[in-house]
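Generate the whole structure from the sequences, applying the supplied hints.
2 protein chains.
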Amino acid sequence: MTYCVGMRLDRGLVFMSDTRTNAGVDNISTFRKMTTWETPGERMITLMSSGNLATTQAVVSLLEERTKAPDDRDPSILQVPSMFQAAQLVSGLLREVIDGHSRNGQQADAGFGATLILGGQIAGSEPRLFLIYPEGNFIEAGDDTPYFQIGETKYGRPILVRAYDPSMSFEDAVKLLLVSFDSTIKANLSVGLPLDLQIYEKDSFARGEERRISKDDPYFNTISTGWGDALKLAFDSLPDFEFDAD
Amino acid sequence: MTYCVGMRLDRGLVFMSDTRTNAGVDNISTFRKMTTWETPGERMITLMSSGNLATTQAVVSLLEERTKAPDDRDPSILQVPSMFQAAQLVSGLLREVIDGHSRNGQQADAGFGATLILGGQIAGSEPRLFLIYPEGNFIEAGDDTPYFQIGETKYGRPILVRAYDPSMSFEDAVKLLLVSFDSTIKANLSVGLPLDLQIYEKDSFARGEERRISKDDPYFNTISTGWGDALKLAFDSLPDFEFDAD
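Going down the list, the protein sequences come from chains Z and V.
Residue numbering for the first sequence follows this note's numbering, starting at 4 and increasing by one per position.
Residue numbering for the second sequence follows this note's numbering, starting at 4 and increasing by one per position.
Possibly wrong hints are sitting among the right ones.
The list treats identical chains as one, so a pair stands whether inside a single copy or across any two.
[What the hints assert, rightly or not] Mimicking DMTMM-like on lysine to aspartate or glutamate, the simulated pairs with C-alpha atoms at most 25 Å apart in a straight line are:
#1 Lys235 to Asp147
#2 Lys205 to Glu174
#3 Lys189 to Asp175
#4 Lys235 to Asp175
#5 Lys218 to Glu245
#6 Lys205 to Asp175
#7 Lys189 to Asp239
No lab work stands behind these hints, which were simulated from the structure alone.
Following this line, the structure appears as structure tokens:
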């Protein structure tokens, strides 16, 4: 499994992904699930992936045109004129890869599916954020649903629902994401540290702050410990139930 | 879907279940998912169910021996000498019902599976709590895993993990369960009010407090609103992230 969140704020975009992949619980590896393409000053596009690792790596390789000799590569994702066309490009490749794996060779027990989050900005339009399904169709984040989660989404959702605010600072967004990831990591073995974090500041057309958050990260550990205590205090602050108060 | 939690405390047992059943999102009904059998002074046994409603209703009907004329009924669940045998009885019936539905008649798109929580106490032993799988096997709650969730378990799990304490009062347990149910209801349409609550006080051998919590319940609404605010305060109380603090 996996856990990734892409979030649209008034100030830009925030991406966070875990790095755990597993085939069963006895075969665990660490792979980066976040890839960025940029033409500084003109575009910045980040892709996060959950699902079959062979599928998502193939999609990234095709996007980077690794089928060509290095000198001949001129990735389309750096040429498309809009984020919508970038989403079309990625979703088309995703469908092709899944189709190719599904129709040829041995049948696998696990599916070849993958779900992607694609976000970024191309000069001339606003930052945009898409969720791309294994079927190759996609949806875009709007004001009503300003963030997307993929992978193991449920444990970390309640805090996002309650604390997200489009006007929040990048710092608060990182704090919120770390709480959401910590809740997920505590509940599910298939999501694990380190985490990859990336900020995109609106109209910067370049990747912003990036950070890899490992298990030694002092801030993450402060959040992880502090959130347990803060939750207990929050819980205690609620009025007590009384059986006779009916 | 469904959400039910059975919890073992030092003082006894607490059960809470929602009442929503759905076949797709356009066919929603309300059914009680909690059934209790008791011989006051000698035993109290409560069953909660998630999964195929026809299956779980059939199991309950068989447990109540509704295949016999009313006067001939003498439910085995009121005769078995231990909670372990009660779990064996229930799990055997569950497997029979699922097998019967699966092998005969039309194939259904959805499965006939169901998962059950069975808890209670029979004179001579401690209160015990079991989770019964559709395959007919079961596990018992111990000190390390003192509560079971069935159905839509993920949204409401982080707060249980953080705030559960075996020495907590029944009042605190109800508060905790309401927070966990509220988080689930807010995130998932397939879990809905009203909720059924039941307390079992250790060595009472009779059902304790029972309550149906509807959407008009003032305490539930206080918790639901208050928890959002308390979470935000808890979130604000955590130290802020700083990009330069690396």
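query = Okay, which hints does this one fail, numbers in order?
reply = none
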